[in-house]
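Asker: Here's the letter readout for the chains.
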Amino acid sequence: MTAPRLSIEALSAISLRDGDRPILRRVTLAVGTGEVHGLVGESGAGKSTIAKAVLGIIPSQVKVTGGRIDFEGRDLLALSAAASRDVLGRDIALVPQDPSTALNPSRRIDAQMTDGLRLKRGLSMKDARLRARALLEEVQIRDPDRVLVSYPHQLSGGMRQRVLIAAAFGLEPKLVIADEPTTALDVTVQKQILRLIRSLQERHGTSVLFVSHDLGVVAKICDRVTVLYMGKVVEQGATADVLGAPHHAYTKALLAANPRYDRPDTGLEPTPPDVIAALRAEIAAFDANAGTGARHG
Amino acid sequence: MEHWSPTTIIDESPPPPSVAVRLARDPKVACAGGFILFLIVLAIAAPLIAPKDPLAQDLLMTTVPPAGFADAAPGFLLGTDGLGRDVLSRVIFGTRVSLTVAFVAAGLACLIGSLLGLLAGFFGHFVDTLISRLVDIWMAFPPVLLSILLVALLGTGLHSVIIAIVVIDWTRFCRVVRTETMGQAQMDYVVAARTIGFARPAILFREILPNVVPVLIALLTLEMGIAVVVEAILSFVGLSVSSDTPTWGGMVAEGRQIVHEAWWVLAAPLVALFATVVAFNQLGDGLARSLDPVLRR
Amino acid sequence: MLLAIVVNRLAMALVTLAGVAVVVFVLLRVVPGDPVAMMISPGAGPADIAALKAHYGLDTPLLTQFWIWIRGVVTGDFGTSITLHVYVTDVLASRLPATIELALLALIVAVIVGGGIAIAGTLMRRTPGEAAIDGLNSILLAVPDFIWALALVLIFAVALPILPLTGRIDPALAQGFATRFYLAESILTGRFAVAANIASHMIMPTLALALPLAAVIVRLLKQSLKEAMTQDYVLLARIKGFRELHLVLHEALRNAVGPTLALTGVQFTFLVGGTVIVERIFAYPGIGNLAIDAVINRDFPLIQGLVLLFGLIFILINIGVDLSVAALNPRLRHG
Chain A
1 MTAPRLSIEA LSAISLRDGD RPILRRVTLA VGTGEVHGLV GESGAGKSTI
51 AKAVLGIIPS QVKVTGGRID FEGRDLLALS AAASRDVLGR DIALVPQDPS
101 TALNPSRRID AQMTDGLRLK RGLSMKDARL RARALLEEVQ IRDPDRVLVS
151 YPHQLSGGMR QRVLIAAAFG LEPKLVIADE PTTALDVTVQ KQILRLIRSL
201 QERHGTSVLF VSHDLGVVAK ICDRVTVLYM GKVVEQGATA DVLGAPHHAY
251 TKALLAANPR YDRPDTGLEP TPPDVIAALR AEIAAFDANA GTGARHG
Chain S
1 MEHWSPTTII DESPPPPSVA VRLARDPKVA CAGGFILFLI VLAIAAPLIA
51 PKDPLAQDLL MTTVPPAGFA DAAPGFLLGT DGLGRDVLSR VIFGTRVSLT
101 VAFVAAGLAC LIGSLLGLLA GFFGHFVDTL ISRLVDIWMA FPPVLLSILL
151 VALLGTGLHS VIIAIVVIDW TRFCRVVRTE TMGQAQMDYV VAARTIGFAR
201 PAILFREILP NVVPVLIALL TLEMGIAVVV EAILSFVGLS VSSDTPTWGG
251 MVAEGRQIVH EAWWVLAAPL VALFATVVAF NQLGDGLARS LDPVLRR
Chain V
1 MLLAIVVNRL AMALVTLAGV AVVVFVLLRV VPGDPVAMMI SPGAGPADIA
51 ALKAHYGLDT PLLTQFWIWI RGVVTGDFGT SITLHVYVTD VLASRLPATI
101 ELALLALIVA VIVGGGIAIA GTLMRRTPGE AAIDGLNSIL LAVPDFIWAL
151 ALVLIFAVAL PILPLTGRID PALAQGFATR FYLAESILTG RFAVAANIAS
201 HMIMPTLALA LPLAAVIVRL LKQSLKEAMT QDYVLLARIK GFRELHLVLH
251 EALRNAVGPT LALTGVQFTF LVGGTVIVER IFAYPGIGNL AIDAVINRDF
301 PLIQGLVLLF GLIFILINIG VDLSVAALNP RLRHG
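Protein chains in written order, with our numbering: chain A, 1 to 297; chain S, 1 to 297; chain V, 1 to 335.
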């Protein structure tokens with residue numbers, strides 16, 4: 001069994017603004033080489049915080065209180081600013097959530113795609129541009145030359161997301177964080193984008209940490225899944241196992257709450273109150289064990 | 001439990017400003033307000049506070065340095081000018097002219113400008129076009145040149161200075177009030193008032209004006225600072241009150257001529273001007289910030 | 001698209017200038033103060049006064065005077081200066097270059113100083129350094145060019161007497177110039193010693209004019225930059241591994257410049273207006289200094305010419321700003 005690419009060990013964090021409310025409670029997960037790992041949970045569960053911790057962009061009001069993020073033998077949390085800049089972009093990349101704000105409105109697409117390549121791979125402007133063009137073709141953009149000289153406002157949302165995916169994978173990183181990459185897109189476009197990510201990932205052997213609140217999307221693309229509730233891992237394992245035969249009551253409730261398009265007779269069911277009560281008790285027990293200084297709100 | 005902190009400071013949108021930014025608690029604004037009150041006291045009680053007669057010449061005691069320098073004379077705290085007059089007393093008396101101009105000129109400019117702005121914004125169409133055209137033409141004149149021109153034509157004297165300032169700066173108020181009025185006039189409560197049958201002038205003064213007043217007060221304070229400077233410039237060029245009455249601008253003009261022999265004659269009124277202008281500016285700024293939530297940063 | 005803006009503005013400009021012309025013309029003749037009376041010798045009789053008046057056309061009806069003047073203006077003849085006895089166009093042409101050099105130099109200094117401090121402040125955000133910049137800047141924002149000029153006089157006349165206080169150039173060096181653009185010409189022709197001399201004369205008036213504008217730029221540009229730095233595209237660029245300075249200059253700056261540019265343009269017109277008093281304080285031979293003399297001496301043709309010239313400059317600056325703002329916005333350029 002080879003060592004995982006990314007290993008998050010007992011990561012804990014609190015919110016300084018909220019009176020030290022815990023955001024992450026000893027989260028542990030591992031993403032192997034070439035694996036697509038889903039990180040699922042409702043809004044506020046802490047998924048984004050984990051992604052930001054890996055990327056080294058935790059906001060100033062959040063404080064990491066413990067744990068380790070192991071990537072290629074180094075602890076990402078302990079890196080200096082310079083070392084962190086070194087790793088980012090070259091070995092870790094991001095596919096962001098909102099394509100309409102993630103691209104600089106005043107810069108052309110070719111400039112935004114080539115700057116990373118020139119910085120991290122040392123390519124000349126000419127080579128970087130050729131590579132960018134090839135990348136656009138890889139993400140199935142039909143007239144890459146036109147797109148390269150366009151500004152973001154001239155492209156559709158789906159096109160922009162393809163550009164962002166191309167830019168992320170184009171640097172041949174070892175790990176890509178996909179932060180709800182399909183949430184801001186139309187349903188029809190979502191499927192294409194998912195397929196695209198999967199094919200790129202397989203071709204380049206990239207590991208992907210796929211953050212989402214949508215179980216349906218996760219089921220389609222992820223090899224393994226971690227289910228998060230209020231910053232605590234409640235279930236973890238291969239997708240087929242976790243979603244097909246869930247153990248934890250919360251996972252079951254999540255599945256029940258997901259509308260299934262192939263079974264139109266099932267309605268949306270809210271999480272049963274006894275499940276929530278049980279969850280709260282679980283969290284409370286965890287916090288009590290975690291030691292002094294952690295208050296739960 | 002060990003603590004880790006991330007190494008980069010990440011940006012997110014600034015938190016909304018706390019609601020309790022009250023004027024009196026802001027130290028800069030309180031200072032500014034206090035200073036202006038101090039100036040008002042000086043102006044009113046000048047004969048009681050000034051150590052010497054500002055017009056009394058003593059040709060045996062010309063260009064005496066201020067206290068603390070070599071050759072200083074007792075009783076002349078800030079030294080004397082080329083005609084042996086006490087600099088400190090002249091600076092104190094100078095507040096009378098400066099503050100009179102500040103309050104009267106700024107007040108009148110505000111009144112006239114606001115009135116025209118209200119009319120333009122409320123009645124629109126022809127009235128608006130006429131007034132706006134007038135404002136455009138007005139703003140094509142260099143302000144200093146226009147003020148000098150006007151005073152030269154109207155003859156020297158405080159009234160000319162005041163008229164000149166009013167004539168030049170009414171446009172500032174007109175523009176702001178016009179925009180505010182136009183915005184307010186579209187609002188539902190005005191339309192409703194008209195439907196019920198309120199006469200137009202009534203709507204103008206009872207509904208719209210109160211909403212415009214806060215911005216106006218802030219602008220008025222700023223304008224007072226500007227008026228003080230304009231008066232000083234006009235005095236400097238010799239076009240303000242008669243040369244007997246001490247003005248800061250006049251003192252500056254004289255000081256400029258003898259700066260190598262008696263630098264304090266320039267320095268004293270300059271510092272007074274600087275402090276006064278900064279005070280009005282800080283006050284106006286503070287008012288603007290606390291009255292208009294959009295401007296808060 | 002851009003052409004439409006230019007045409008529109010030029011049309012409005014003509015209307016405005018026409019209005020300016022009318023206003024100043026009427027103002028001068030309607031208000032008391034007789035230029036002729038200032039020119040004649042004390043012993044002259046009414047016949048001499050009448051003759052002078054006739055010579056300058058001041059005895060004809062207002063409308064006739066205006067018509068004659070407008071006819072002249074349209075053909076490029078602005079009349080003759082009453083005090084200087086030369087064509088108004090000639091004297092304006094000879095003094096304008098000095099003011100243009102001063103104003104442009106001040107603009108460049110303001111942009112460099114203001115922009116630099118704004119960028120530094122953005123890099124220092126959320127540190128005490130930024131608070132210090134903000135505090136100092138908010139006080140200095142209130143200081144007009146008039147006060148800066150005099151403060152500079154105090155510093156460099158009394159404390160550090162290293163700069164010349166008046167004039168534009170050492171009279172001994174003012175030879176052999178083809179144009180009146182002394183600074184530009186001396187630099188372009190390699191006469192650096194002369195250029196240095198001119199520069200030493202221009203430092204103080206330039207600073208007096210530039211510093212108020214710089215303060216405005218610092219406030220607005222820093223605010224825009226800080227806001228741009230919170231955007232997602234900056235975050236994404238940061239994740240690509242770029243350093244802070246690169247993010248500010250290459251990602252944030254081009255999005256932050258727009259509003260600053262617009263305001264800088266407006267403030268630049270104030271700067272040009274400020275040359276009137278700053279040139280006076282430093283006895284700098286530009287059109288600002290000329291204007292004060294013209295007004296004090298009631299030199300009607302010269303005053304009219306100067307007012308129209310200033311008006312034209314303001315309008316051109318405004319058009320320039322409108323064009324620049326439009327050009328910077330990719331949405332307007334590429335639909």
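Hints may contain errors.
What the hints assert, rightly or not - Coverage of chain S stretches by chain V, computed from C-beta distances (three or more under 8 Å per stretch; other residues unrestricted):
# : stretch
1 : 40–46
2 : 101–115
3 : 136–146
4 : 278–289
Hints are computed from structural coordinates only; laboratory data are not their basis.
The beta carbon of each residue, even a glycine, is placed where N, CA and C say it ideally should be.
Asker: Against this structure, judge whether each hint is valid.
Answerer: Hint-by-hint comparison with the structure:
{"no.": "1", "hint": "40–46", "in the structure": "violated (count 0)"}
{"no.": "2", "hint": "101–115", "in the structure": "violated (count 0)"}
{"no.": "3", "hint": "136–146", "in the structure": "holds (count 9)"}
{"no.": "4", "hint": "278–289", "in the structure": "holds (count 5)"}
The earlier numbered hints that this structure contradicts are 1 and 2.
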